[in-house]
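K.L.:
From these two lone chains plus the hints, build me the complex, please.
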Amino acid sequence: MTESRDTDQDFELKLLLLAVQEKYGYQFGNYARASLMRRVRRHMQISGVQHISDLIPLFLHDEPAFAAFVKDMSVVVTEMFRDPEFFKSLRENIIPLLKTYPFIKVWHAGCASGQEAYSMAILLDEEGLLDRCQIYATDFNDQALRHARTGIYPEEDMALYEENYRLAGGKTELSKYCHRGYDSVKFNGRLAEHITFANHNLVTDGVFGEMNLILCRNVLIYFNQDLQDRVLQLLFDSLCSRGVLCIGKRENILFSAIDDHLEVTDRNQRIYRKTS
Amino acid sequence: MNGGVVVVGASAGGLSALEILLTELGANFPAPVIVTKHLASGDEEGLCKVLSKSSPLTVNIACDKQKVTGNHVYLAPGGYHLQIEDKETLSLSIDEQVCHSRPSVDVLFQSAADVFGTQMVGILLTGANKDGAEGIKAVKEAGGATIVQNPETAEVPIMPKSAIATGCVDHVLDLSDIAICLKAMSFNLGPK
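Going line by line, the protein sequences match chains R and A. Numbering of the first sequence is given in full-length UniProt numbering, commencing with residue 1 and proceeding in unit increments. Numbering of the second sequence is given in full-length UniProt numbering, commencing with residue 1 and proceeding in unit increments.
So here's chain A without its partners, still in its complex pose (with noise of 0.2 Å):
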């Protein structure tokens, strides 16, 4: 593959946040949407569940050496750092906890921001921990682009707040505005 992709991160409230965002996306969105979003071990089945049935992509709880492709969402397992290995691969990893968090949204952020530069987008959204903005950072000085969602009406602000104050965010947008956005950018992601 030789497309970009798209790595999000949330904590707290980021249930709902994501289930509205991966809906909206819709079944034909071309690049692999890669997610962390903080929870503890063993957590993750049922987080796919929800999304499973909610969401039109394939959503898949990842595994160490995963290919990833479009059209397929794939979810950080809790206890384990999620990384991009390279362009079409995942890895993870049991390193410290970064921001008392595993896996670590600052982690996926950095590892992606290596491989796509600015083949990709960054997107953080509601929770009540400043991981993520470390992460922001890496992505807009690889090149690439950043979303953070309105801390106004996310359910919590703390996580998009501590983002915006990098200073390396490029939108501040609503969930609805944030897939509308990201499927006006998917022509710079898809395979090419």
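Isolated chain R (complex conformation) (with noise of 0.2 Å):
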């Protein structure tokens, strides 16, 4: 009874995920099943349908429903300053090697909504290196995005913002770095200047320049371990000669054929360097 219930799951998630690739370009075959499973029982809930499988026509007919679904495979949540023991490390250990380059970029893969986008200016601004800086920010949703450019976030999630500003070395108050109204606030315009937003997919598109420093962080957990190699391999061809990589506190490297090539800054906080 269970041995069939689980195998019509695995069939009818297979015809699910090619169906949506068909149609819609969008390969999640080798995302990690588990939050996949999740996001799919959501739907099946929202949409009120009783089979992995009466997914498939609503998808393909409904594209309103559809986009909803794509925007719930991205993940949004985030926040300024997340792991505040991480930007404090970045601060103390990768800002001095940064300070000896002419030009600085910098890549956020998989940035939701951008709040680490913002961060990442505010301390490079504090560090006085803003102005020699590029930093791109890049996500396959394009909602996400579009709300990224705004840079404005509710006023709410100040208290916890602040709080891990200050946890992360922060010089001064966040508050400085942005205005109120309407229950929101709004970053200056002044480190958006310095943040290109852009759509890159990391499962379907490839190398993306080359990065002094690239940040993915909390994304690869969302991939099965082959999806999380090959994206690796491409964060890595990413990066310039001596370049540093930075991925969730929690991720792993150990296992991906990019570990003999990188040496640890921070073990702890899961920053590394390649080699040559």
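Be careful, since some hints might not be right.
In silico lysine to aspartate or glutamate, EDC-like type, Cα no more than 20 Å apart, as pairs [unchecked claim]: (1) R:K274 <-> R:D237; (2) R:K105 <-> R:E127; (3) A:K130 <-> A:E96; (4) R:K23 <-> R:E92; (5) R:K186 <-> R:D205; (6) R:K23 <-> R:D142; (7) A:K87 <-> R:D10; (8) R:K105 <-> R:E92; (9) R:K105 <-> R:D237; (10) R:K71 <-> R:E92; (11) A:K87 <-> R:D142; (12) R:K23 <-> R:D54; (13) A:K87 <-> R:D226; (14) R:K88 <-> A:E45; (15) A:K53 <-> A:E96; (16) R:K14 <-> R:D72; (17) A:K183 <-> A:D170; (18) R:K186 <-> R:E79; (19) A:K67 <-> R:D229; (20) R:K14 <-> A:D86; (21) R:K186 <-> R:D226; (22) R:K186 <-> R:D157; (23) R:K88 <-> A:E19; (24) A:K49 <-> A:E19; (25) R:K71 <-> A:E45; (26) R:K274 <-> R:E263; (27) R:K99 <-> R:D72; (28) A:K67 <-> R:D259; (29) A:K67 <-> R:D226; (30) A:K67 <-> A:E96.
Now the in silico label distances, taken between C-beta atoms and shown as ranges [to be verified]: (31) A:S16 <-> R:V264: 32 to 40 Å; (32) R:I95 <-> A:D170: 50 to 58 Å; (33) A:A128 <-> R:D237: 23 to 31 Å; (34) A:D170 <-> R:E79: 49 to 57 Å; (35) A:I61 <-> R:R41: 21 to 29 Å.
Hints listed in this document are in silico derivations from the structure and should not be mistaken for laboratory results. We put the beta carbon where it would ideally sit given N, CA and C, even for glycine.
P.N.:
The following block contains the structure:
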């Protein structure tokens, strides 16, 4: 009984992902299974259908329903200076290195609504580097990118952001970088001038320039091991010589092929440097 | 590995409850024990230290795509949901909170039910939150066994009570009896 239920579920999921890929070009087949199933279940609930395969006609013929699914597939949970200790380590261990370069290129792969890119711009500004810096922030979700470009976030999140900023070694107050109005805060346009938000899909798109610093944090957890390996290779190939790669605190490069070509700068905070 | 798994959920009061349970399981418990206890980001290090000291099992903080094995305990890190990806592998997510919690017990139990079906035991301990009740239901519906700490002797009874209210709980037991029950079930959970 259980056996056949599992098999049906696998089969239906495969068909659904195939339909999505054929019609829209999105490849979700190598996404991590558990998180993918949570999203599929949620959309079954929202749509009031009983079987995974019932989502196939829905996603094929109802584009807004599918757009909602895509939005759900790209993770939008993020915050300013998330994991303050990570930003503290960046400031202490990586900023001195960046100061030796005449021009600095930074890539946030999977930037969602952009808080981390703005956090980085603030950090670079405080270290006197922003003016010789270009930050690329990419995601495959256009809706998230539109939000990111506005630099507008709910004011109720500011208490957490301020606390993170302080723990990350911030030099002043976060409120100095934004203005308030209508229950929102908007980060200064001066920061956004140095950030280019662009659509890039880590699953299907290629290498992205010669970066000095790449941040791809808590994105790999949504991919299976094969796709993780492929994306890690892509990130590695997008680094300049001796470039810096940062991944999420509970993510691993240990089993990937690039592990041999990276040296550890901060193991706890998952900060690595290309060896050549 | 083709054995089963034990998943454990706990919240307020969970530290000492986990200490007792993981100590009494003994060093030779054959199945991996996957634990989600509500905690803030960073607090998992302290929890891991305390449990490592008291339990004869090897206690780890879970990493993404980590392989699991018997005689080991895996703890959800703060700020992440911990999930069972397949019979050998764990995965993490930073999806939105469930029952105001990340990690959430429901998320762990639902993913475990998906993968392990009948070859699992879900255990819910003390807590002041209804997280885990949906998870217990998912475990039961998939054919797994469900055990809840006796609310009369739990430090905070809300979590066990919410689970019992679903009607999907097989056994309501005191902590030391949970360990005895698990050891009795373990022939069904170890590697085949």
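K.L.:
Next step is simple, just say for each hint if it's right about the structure.
P.N.:
Structure-based check of all given hints:
1. R:K274 <-> R:D237: 10 Å, holds
2. R:K105 <-> R:E127: 15 Å, holds
3. A:K130 <-> A:E96: Distance of about 17 Å is within 20 Å: holds.
4. R:K23 <-> R:E92: With a Cα-Cα distance of about 47 Å, the restraint between K23 (chain R) and E92 (chain R) is violated, given a limit of 20 Å.
5. R:K186 <-> R:D205: Violated: K186 (chain R) and D205 (chain R) sit about 31 Å apart, past 20 Å.
6. R:K23 <-> R:D142: This hinted pair holds, its Cα atoms lying about 18 Å apart.
7. A:K87 <-> R:D10: 15 Å, holds
8. R:K105 <-> R:E92: Distance ~19 Å between K105 (chain R) and E92 (chain R) Cα, so the pair holds.
9. R:K105 <-> R:D237: Answer holds: K105 (chain R) to D237 (chain R) is near 14 Å, not above 20 Å.
10. R:K71 <-> R:E92: Between K71 (chain R) and E92 (chain R) the Cα gap is close to 35 Å, so the pair fails against 20 Å, i.e. violated.
11. A:K87 <-> R:D142: 35 Å, violated
12. R:K23 <-> R:D54: Judged against 20 Å, a Cα distance of about 16 Å means the pair holds.
13. A:K87 <-> R:D226: 17 Å, holds
14. R:K88 <-> A:E45: Holds - the C-alpha atoms of E45 (chain A) and K88 (chain R) are around 19 Å apart, at most 20 Å.
15. A:K53 <-> A:E96: With a Cα-Cα distance of about 32 Å, the restraint between K53 (chain A) and E96 (chain A) is violated, given a limit of 20 Å.
16. R:K14 <-> R:D72: With a Cα-Cα distance of about 18 Å, the restraint between K14 (chain R) and D72 (chain R) holds, given a limit of 20 Å.
17. A:K183 <-> A:D170: 16 Å, holds
18. R:K186 <-> R:E79: Judged against 20 Å, a Cα distance of about 14 Å means the pair holds.
19. A:K67 <-> R:D229: 16 Å, holds
20. R:K14 <-> A:D86: 16 Å, holds
21. R:K186 <-> R:D226: 39 Å, violated
22. R:K186 <-> R:D157: 12 Å, holds
23. R:K88 <-> A:E19: Violated: K88 (chain R) and E19 (chain A) sit about 33 Å apart, past 20 Å.
24. A:K49 <-> A:E19: Distance ~11 Å between K49 (chain A) and E19 (chain A) Cα, so the pair holds.
25. R:K71 <-> A:E45: Violated: K71 (chain R) and E45 (chain A) sit about 33 Å apart, past 20 Å.
26. R:K274 <-> R:E263: At roughly 6 Å apart (the allowed maximum being 20 Å), E263 (chain R) and K274 (chain R) satisfy the hint.
27. R:K99 <-> R:D72: 38 Å, violated
28. A:K67 <-> R:D259: Judged against 20 Å, a Cα distance of about 18 Å means the pair holds.
29. A:K67 <-> R:D226: 15 Å, holds
30. A:K67 <-> A:E96: Distance ~25 Å between K67 (chain A) and E96 (chain A) Cα, so the pair is violated.
31. A:S16 <-> R:V264: 32 to 40 Å: Since S16 (chain A) and V264 (chain R) have Cβ atoms about 36 Å apart, the given range 32 to 40 Å holds.
32. R:I95 <-> A:D170: 50 to 58 Å: 56 Å, holds
33. A:A128 <-> R:D237: 23 to 31 Å: 49 Å, violated
34. A:D170 <-> R:E79: 49 to 57 Å: 40 Å, violated
35. A:I61 <-> R:R41: 21 to 29 Å: Given range 21 to 29 Å: holds, Cβ gap about 27 Å.
Consistency note: the structure conflicts with the earlier hints numbered 4, 5, 10, 11, 15, 21, 23, 25, 27, 30, 33 and 34.
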